[in-house]
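Protein chains: 2
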Amino acid sequence: MAGRLTPEREAELYEAVLDLLREVGYDGLTMDAVATRTRSSKATLYRQWGSKPELVARALRHNKPAQLDQIDTGSLRGDFHAAMALGDDCKMEEDSALMRGLMHAVHDNPDLHKAMRELLVEPEMNGLNRILRRAVDRGEISADLPALKYVTHMLVGAFAGRQFIEDKAPDRAFLTDYVDAVVLPALGV
Amino acid sequence: MAGRLTPEREAELYEAVLDLLREVGYDGLTMDAVATRTRSSKATLYRQWGSKPELVARALRHNKPAQLDQIDTGSLRGDFHAAMALGDDCKMEEDSALMRGLMHAVHDNPDLHKAMRELLVEPEMNGLNRILRRAVDRGEISADLPALKYVTHMLVGAFAGRQFIEDKAPDRAFLTDYVDAVVLPALGV
Chain A
22 MAGRLTPERE
32 AELYEAVLDL
42 LREVGYDGLT
52 MDAVATRTRS
62 SKATLYRQWG
72 SKPELVARAL
82 RHNKPAQLDQ
92 IDTGSLRGDF
102 HAAMALGDDC
112 KMEEDSALMR
122 GLMHAVHDNP
132 DLHKAMRELL
142 VEPEMNGLNR
152 ILRRAVDRGE
162 ISADLPALKY
172 VTHMLVGAFA
182 GRQFIEDKAP
192 DRAFLTDYVD
202 AVVLPALGV
Chain B
22 MAGRLTPERE
32 AELYEAVLDL
42 LREVGYDGLT
52 MDAVATRTRS
62 SKATLYRQWG
72 SKPELVARAL
82 RHNKPAQLDQ
92 IDTGSLRGDF
102 HAAMALGDDC
112 KMEEDSALMR
122 GLMHAVHDNP
132 DLHKAMRELL
142 VEPEMNGLNR
152 ILRRAVDRGE
162 ISADLPALKY
172 VTHMLVGAFA
182 GRQFIEDKAP
192 DRAFLTDYVD
202 AVVLPALGV
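These protein sequences, in sequence, are chains A and B. Going by our numbering, the first sequence opens with residue 22, and the numbers climb by one from there. Going by our numbering, the second sequence opens with residue 22, and the numbers climb by one from there.
In isolation and in its complexed conformation, chain A is listed as follows (with noise of 0.2 Å):
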């Protein structure tokens, strides 16, 4: 039997992921489509990743992966700041777009919504709670500020109302902005 892939083939799998999702969207793709775009075999695809929501949940975690983990700048306003200039505008722009339809395709698919809250939420969410402990750590805010626990609702606002009130694209002019507006005033820092 094949092991496993290597790095560069998943890679590739990924990328022939994404580039349908954006063509034919969730409900649109098809493990047969994969299989014949990357010229490899449906019983790979499945031996690999078990399912299709799987699979496009991983591929979207190697299209953005939790890079929040790798930011330690020795202030919350950097850290903030480091972390909202992750992205780049362009691919957040097409991002943008690629997340909306699968907003939209996870209201009708229980396991697409199952793997992308573990394959994508969660692991931002602990690479942003880790920020938020370090902040407490250093004295930066007290660990019983009330709005510690409401940072992944602001943030969410941000992302959600950007696309919503202004029908634009979150960019990291926006985002930083509005962390230097918002979350960090009410996190009185």
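Check before you lean on any hint, since a few could be wrong.
Copies of the same chain look alike in the list, so a pair counts if it fits in one copy or across any two.
Said to hold, decoys possible - In silico PhoX-like cross-links for lysine-lysine, where the CA-CA straight-line distance does not exceed 20 Å:
hint	residue 1	residue 2
1	K112	K85
2	K170	K135
3	K85	K63
4	K73	K63
5	K189	K135
Rather than coming from a laboratory, the hints here were simulated on the basis of the structure.
With the hints as your guide, set chain B onto chain A.
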């Protein structure tokens, strides 16, 4: 030709539209079904509302009028608390499921998006802006406060984050706590 409907008859029609939305969703709702359920003619429905998206948006607005306009407690904190107390918790839970379905439908129906923006989102944003402007006039907050342009984003974060992160409908206790922990501190109040 028949004149305008009586307010009672109009309310009856809107209630029927909301019941149908809850039963079959936006895509499943037809003008035929509304006509049958309300014992009216399709001609009346189209004459009165022009189209399905507008009928649906008007029914939602009837269900949740822009009550922010009626709030004026004399302080920004008082106005926000009164705004968060407008909803009835049971109804919020019910409405939240209804709105999730509609946000989903908006993705595929630009006309529904436009009608909801004009009839639901804009009146609420105008009401919110009046509350904020009075706080500026009273000297409670400065007109050039950076967080001022992001108040709607913060509130979108409360609703969307509650749903997306916590998988719960927002209730009055949550919204009041969020306003006290996030919105007012971000505004320096």
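Cross-check of the supplied hints:
Taking identical chains as interchangeable, the C-alpha atoms of K112 and K85 lie at most 20 Å apart only when both belong to the same chain, with a minimum of 10 Å there against 38 Å between chains. Taking the shortest Cα distances, K170 and K135 never come within 20 Å of each other, neither inside one copy (22 Å) nor across copies (34 Å). Within a single copy, K85 and K63 get their C-alpha atoms no closer than 25 Å, and across copies no closer than 50 Å, so neither meets the 20 Å cut-off. Only within a single protomer do K73 and K63 lie at most 20 Å apart by alpha-carbon distance; the minimum there is 11 Å, versus 43 Å between protomers.
In this assembly of identical chains, K189 and K135 lie within 20 Å of each other by CA distance solely across copies; the values are 16 Å between and 27 Å within a copy.
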